[in-house]
Amino acid sequence: AQKITQTQPGMFVQEKEAVTLDCTYDTSDQSYGLFWYKQPSSGEMIFLIYQGSYDEQNATEGRYSLNFQKARKSANLVISASQLGDSAMYFCAMREVSEGAQKLVFGQGTRLTINP
Amino acid sequence: NAGVTQTPKFRVLKTGQSMTLLCAQDMNHEYMYWYRQDPGMGLRLIHYSVGEGTTAKGEVPDGYNVSRLKKQNFLLGLESAAPSQTSVYFCASTAGTGGYGYGYTFGSGTRLTVV
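These protein sequences, in sequence, are chains A and B.
Just so you know, we're using the working numbering here: the first sequence kicks off at 1 and counts up by one.
Just so you know, we're using the working numbering here: the second sequence kicks off at 1 and counts up by one.
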């Protein structure tokens, strides 16, 4: 079963608009962490934002915020005032602990294109 | 500030050849991971290590072997490369404790083509 689901393979947004990238997750753990990474065309994985399962407030990092709805098991990334440089692949990931070790499990990704 | 270094960055192999990908980290991290990234599939875990001398299988381990003889190095081996192993390979590491969400550091990736 998919543990991290990103239902939007691609999104197209006008520059300066806000954009929400969807992520739902599946876990029975009480303690877990949710991450968003950006992968530009150059290929590197860039950490954007983190939300712990016990964090009561939604995480924010500059123009990025994470809309964490624990009961719905969703962790959507919101980018405010999008810029051309935001065009990239975006991955949602969950830190889980299984077989005594922590691992990072990724969704399939969403390709975001910002139009001028 | 090297972080996680992967070598090589690019490689073309013929079917049946062998090779080793090297991942080196200078952050004294306990946990290290090898992922592969294929189009439309996200990153999938191949093997991981929770400390020097330990290795374990991830989601897609077939056709790969790993070793962690030194804490700072995690090697990924392909004994007999197949075209299905054409992919981009990422190494990652984490301390496993403390910090914001046990942050993960990724290498820049190795693009492998098997012909």
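These are calculated hints, taken from the structure and not from any lab test.
Treat the hints with care, as some may be off.
[As the list claims (entries may be wrong)] Distance condition first, Cα-Cα at most 35 Å in a straight line; then the derived DSBU-like pairs of lysine-lysine:
1. A:70 x B:9
2. B:71 x A:16
3. B:57 x A:103
4. B:14 x A:73
5. A:73 x A:16
6. A:103 x A:70
7. B:14 x B:57
8. A:70 x A:3
9. B:71 x A:103
### Query
Is the hinted pair residue 71 of chain B and residue 103 of chain A satisfied, with a Cα-Cα distance of at most 35 Å?
Answer holds: residue 71 of chain B to residue 103 of chain A is near 18 Å, not above 35 Å.
### Message
Holds or violated: residue 73 of chain A and residue 16 of chain A, Cα atoms, limit 35 Å.
### Response
With a Cα-Cα distance of about 28 Å, the restraint between residue 73 of chain A and residue 16 of chain A holds, given a limit of 35 Å.
### Query
residue 14 of chain B and residue 73 of chain A: Cα distance at most 35 Å?
Distance ~44 Å between residue 14 of chain B and residue 73 of chain A Cα, so the pair is violated.
### Query
Can the restraint linking residue 103 of chain A and residue 70 of chain A be considered satisfied, given a maximum Cα separation of 35 Å?
holds (20 Å)
### Message
Does residue 9 of chain B sit within 35 Å of residue 70 of chain A, going by the straight-line distance between their CA atoms?
### Response
Judged against 35 Å, a Cα distance of about 39 Å means the pair is violated.
### Message
Given the hinted pair residue 71 of chain B and residue 16 of chain A, is their Cα-Cα distance within 35 Å?
### Response
violated (45 Å)
### Message
Need the status of pair residue 70 of chain A, residue 3 of chain A: alpha-carbon distance at most 35 Å?
### Response
Given that 35 Å is the threshold and the Cα spacing comes to 15 Å, the pair holds.
#### Entry: Holds or violated: residue 57 of chain B to residue 103 of chain A, with C-alpha atoms at most 35 Å apart
Given pair residue 57 of chain B, residue 103 of chain A holds - Cα atoms ~11 Å apart, limit 35 Å.
### Message
residue 14 of chain B and residue 57 of chain B were given as a pair; does the straight-line alpha-carbon distance stay at or below 35 Å?
### Response
Measuring from Cα to Cα gives roughly 25 Å; hence the hint holds.
The structure does not agree with the numbered hints 1, 2, 4 stated previously, though it agrees with the rest.
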